[in-house]
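Just need the whole structure built from these sequences, with the hints factored in.
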Amino acid sequence: MADMIKGNVAIAEAAVRAGVQFYAGYPITPSTEIMEYLSGRLPELGRSFVQAESEVSGINMVMGAAACGFRALTASSGPGISLKQEGISCISDEELACVVINVVRYGNGLGTLYSSQCDYFRETRGGGNGDYRCIVLTPESIQEAVDLMAPAFELAEKYRIVTVFMTEGALGQMMEPCVLPDFIEPERHSWALNGKYTYKKIGIFDRNSMTEAVALNEKHALIKENEQRWESGHVEDADYVFVAYGLPGRSVKGAVKELRKEGHKVGFIRPITTWPFPENGFKEVNQNVKGFITVEASATGQLVDDVALTAKRVFRERNVPAWSLCCVYGVPSLKFTKDGFARIMNNELKEAY
Amino acid sequence: MAKERKVPALIDNPMSFCAGCGHGIVIRLVAECIEELNQQDNIIFPIGVGCSSLLGGGMVADRLHCPHGRAASVATGMKRVTPDTTIITYQGDGDAYNIGISESLNAAYRNENITVITINNTNFGMTGGQMSWTSLPDQKTTTSPKGRDSGATGLPFRFPEMVAGQFDVAYAARGTVTSPKNVNKLKKYIKNGLEAQINGEGYSIIEVLSPCPTNWGLNPVKAMEQIEEQLIPYYPLGVFKNRKEKQDA
Amino acid sequence: MESINLKSERCKQCELCFAHCPSDAISFSNELNKAGFNFACVDEEKCIRCGICYTMCPDGVYAIAINPQAKGEQ
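Protein sequences appear in the order of chains A, B and C. By the numbering used here, the letter at position 142 of the first sequence is numbered 142, and the numbering carries on one by one without gaps. By the numbering used here, the letter at position 156 of the second sequence is numbered 156, and the numbering carries on one by one without gaps. By the numbering used here, the letter at position 53 of the third sequence is numbered 53, and the numbering carries on one by one without gaps.
Since the hints were derived computationally from the structure, they do not count as laboratory data. Since this is a predicted model, take the numbers as computed values, not measurements. Certain hints may be false.
[Stated by the list, open to error] Pulled from the structure, derived: some chain B residues nowhere near chain A, Cβ distances all over 12 Å:
(1) Asp-41
(2) Ser-102
(3) Ala-107
[To be verified] Straight line, CA to CA, 16 Å or less: simulated EDC-like cross-link-like pairs of lysine to aspartate or glutamate:
(4) A:Lys-200 - B:Asp-41
(5) A:Lys-219 - A:Asp-93
(6) A:Lys-200 - A:Glu-185
(7) B:Lys-181 - B:Asp-149
(8) A:Lys-257 - A:Glu-225
(9) B:Lys-6 - B:Glu-35
(10) A:Lys-253 - A:Glu-154
(11) A:Lys-290 - A:Glu-236
(12) B:Lys-6 - C:Glu-15
(13) A:Lys-283 - A:Glu-212
(14) B:Lys-3 - B:Asp-41
(15) B:Lys-222 - C:Glu-15
(16) C:Lys-7 - B:Asp-12
(17) A:Lys-196 - B:Glu-228
(18) A:Lys-253 - A:Glu-279
(19) A:Lys-290 - A:Asp-237
(20) A:Lys-196 - B:Glu-35
(21) A:Lys-265 - A:Asp-237
(22) A:Lys-196 - B:Asp-84
(23) C:Lys-46 - C:Asp-24
(24) A:Lys-6 - A:Glu-94
(25) A:Lys-219 - A:Glu-95
(26) B:Lys-185 - B:Glu-32
(27) B:Lys-3 - C:Asp-24
All C-beta atoms, glycine included, are put in the ideal place defined by N, C-alpha and C.
Printed below as a string of C-alpha cells:
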C-alpha cells in the first residue's frame, strides 16, 4: 500500500531502514527535513543524531562513525556540500564508506532556493582535491529514491567509496505515493576501527602513494565496469536520443512518448548512476543515430559533456552531435523538451558538440 | 625501592620527532595511562595534522588521521557510535586552536564524552615554525619575524581556561614536561581526563606546554628552561575544571 | 636486583636524561648510532635505578627491569 510522503522524509526513513546508525549535519534548504526527521527518529531507535556546528564538522563526524564501521549519513545542499568536500576527499582517501545526500539547489556561492541540477560536475568528478570519484545515484522519483538508499550503502561498502545521493530540491519537497523498503540490519564492517587494532593501518607518512594510486585506478575501473545503472527506451531505432537524469529524466520520458505518437523516432537514456556514467546504455543506441539531446536543469549545460564524451567512445568512426536543452530554475517540463526538440529540428539551436 | 619502567607496547617503536621534542614524553604518558586503566584493547586515536601526525607511524593502536583541525568532530562521530570505546584526540595547538578552533570549542560546548590532548608548543612545528594563536607576544616565528604584534594578531589564548570557564565540561587541565615532577603531575592530569571519559563524565582536555627546540632555535635543555621562564607565566599549570567526584572527595 | 637497559639506537642525544640524572650516571658515547647521534650511556655503578631518565626521555631509550629472581626473593 503506497502512502503519500514528502521526498526528504521518505529518503530519511529509507536511510533508517537501510540501517543508518549515525547522522550529523547542518540545516540548509531544501534538504533540512531530512535532518529534522532523523533528529527524532534515530534516537527513538537507539541510534545517534548530532546537529553539528557546521557542514565541515558534520562530515567529519560522519568520517568518525564510518571509520568505526557503521552506516553513517549526512545531507545538505549546494554550498553546504561545498563545505563538506574536505571531509569527502579525506573519507575517500581513507577508503571509508558513507552516503552524502545533496538535495541540489540552483546557484553559485550561496545559491538560491530553486530546484536544480547545477552540481552535476562537482558530484560526478569527486568534488574535492585529489584523484577520486564518488558513486553518484540520481533517482527520478521518491519511490526510486527510497529503493536506492540501501544500494547506496551497499555500493559504498563494496568499494569502500563515498556514495553521493544526488536529488533535486523539487524531489525533496514534493509528495507522491511511495512504498517504503523493509528494515535491514547491516553488520559492522570487518575493516572498522574497533579499539583493538584488528584492522592494521599504517601512518600517513608511511603510506606508498604510488602503489595506492595503481590500486585506486583499478578500483575505479572496476566500478565503471560493474556498476553502471540506467533506464532507456526506444533507443534501437531512434534518430535522436534524449539523455536526462533525475526529475528531468522522468519528464523526458513523457516527451518521448508524445513525440513518438507524433511520428518522431526519438528515444531516451536516463542515467541512474551519473558516475559511473552509463556508457553501456549508449551501446544499445541505433548505430545511425543523428544526435543526442540532454535536458538538464542548469544554465550552462553539464551533463552534455559526459554525453558527448561517451558518444565519442561509442561511435568512434563518426561525430554524433550533442545538444543541450538547459532549463534554469525548476524542472524542465514536457513542453520545454518538445519545444526544444522542435528548435533543434528547425536548426534554431546550435549543437554543443 | 626502584620501580619497573617499561615503555608501553602501544607506542614502543622509534618515532620521528626531533631530538628533545616533548611529543615523545606525552605519548608515553598517554600510553602508560591507557595500560594502567586497562584500555589498550579499547582505544581509538583521532590524530591531528602537524607534528602530531608523526604519532601514527609508531603507534600500535587504532587511529585515524583527521582533516586538519577536525579531530574533535571525528572523535564525536566515533564516540557516538561506539560509546564504550575510549576516544583520545591527539593534536597540536595549530591544529586544535587555529584551524580547528570551531570543532574544538564545539566538542567542548556539547560536553562530548571524549578526551582531548593538545600539545601546545606555541608555533606550527611541522611547517617550520609559523605563528600560532598561542605564540607569545613578541615571539619571533617565520610569520612574525619581528616578533608577534599582539595588537594586530591577537593575544595568545588559553583554551582549557576558556572551556572550563564557559562550558559544562568534565575536566580541563594544563601540564608540562619540563621536569620529572611536572611529567608526573601531567600523567595524573591525563589519567583524570581518561577516567572522566571512561566514567561517562564528559569532555576532558589536557593541554601540554611542550618544547619545540628545532623551531625555537634552542637546544632541548634550554627549550625546557624557556617553558619554565616564559610560557608558564602566561599559561599557568594546573586543573581549571575538576571532576565532580574529585571535588566531593 | 634492578637492571637498567638502553635501546641506544633510539637515542637522539637530546640530553634531557643527562640534565635530570640525580647521580651523574649518564654520559655520551664517542661512537655514533645509526641515526648519527652520540648515544647516551649509563654508568651502572653510579646509577640508582630511579627511573628519571625513563621519565624524561622522549624516545623510549630507557627501561628499568626488576630481575625476576630478585622479585622472588622479596
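Hints, verified against the model:
1. Asp-41: violated, 5 Å
2. Ser-102: Violated, since 6 Å does not exceed 12 Å.
3. Ala-107: With a cut-off of 12 Å, B:Ala-107 comes too close to chain A, as the shortest Cβ separation is near 9 Å.
4. A:Lys-200 - B:Asp-41: Holds, at roughly 13 Å.
5. A:Lys-219 - A:Asp-93: holds, 13 Å
6. A:Lys-200 - A:Glu-185: violated, 26 Å
7. B:Lys-181 - B:Asp-149: This hinted pair is violated, its Cα atoms lying about 34 Å apart.
8. A:Lys-257 - A:Glu-225: Answer violated: A:Lys-257 to A:Glu-225 is near 31 Å, above 16 Å.
9. B:Lys-6 - B:Glu-35: holds, 11 Å
10. A:Lys-253 - A:Glu-154: violated, 28 Å
11. A:Lys-290 - A:Glu-236: holds, 12 Å
12. B:Lys-6 - C:Glu-15: violated, 19 Å
13. A:Lys-283 - A:Glu-212: This hinted pair is violated, its Cα atoms lying about 32 Å apart.
14. B:Lys-3 - B:Asp-41: Outside the cut-off at roughly 25 Å; violated.
15. B:Lys-222 - C:Glu-15: Measuring from Cα to Cα gives roughly 11 Å; hence the hint holds.
16. C:Lys-7 - B:Asp-12: holds, 11 Å
17. A:Lys-196 - B:Glu-228: violated, 38 Å
18. A:Lys-253 - A:Glu-279: violated, 19 Å
19. A:Lys-290 - A:Asp-237: Status holds; Cα separation ~11 Å.
20. A:Lys-196 - B:Glu-35: Within the cut-off at roughly 13 Å; holds.
21. A:Lys-265 - A:Asp-237: holds, 7 Å
22. A:Lys-196 - B:Asp-84: holds, 12 Å
23. C:Lys-46 - C:Asp-24: The hint holds at about 7 Å.
24. A:Lys-6 - A:Glu-94: Cα-Cα ~34 Å, so violated.
25. A:Lys-219 - A:Glu-95: holds, 11 Å
26. B:Lys-185 - B:Glu-32: holds, 13 Å
27. B:Lys-3 - C:Asp-24: violated, 19 Å
Checked against the numbered hints above, the structure violates hints 1, 2, 3, 6, 7, 8, 10, 12, 13, 14, 17, 18, 24, 27; every other hint is satisfied.
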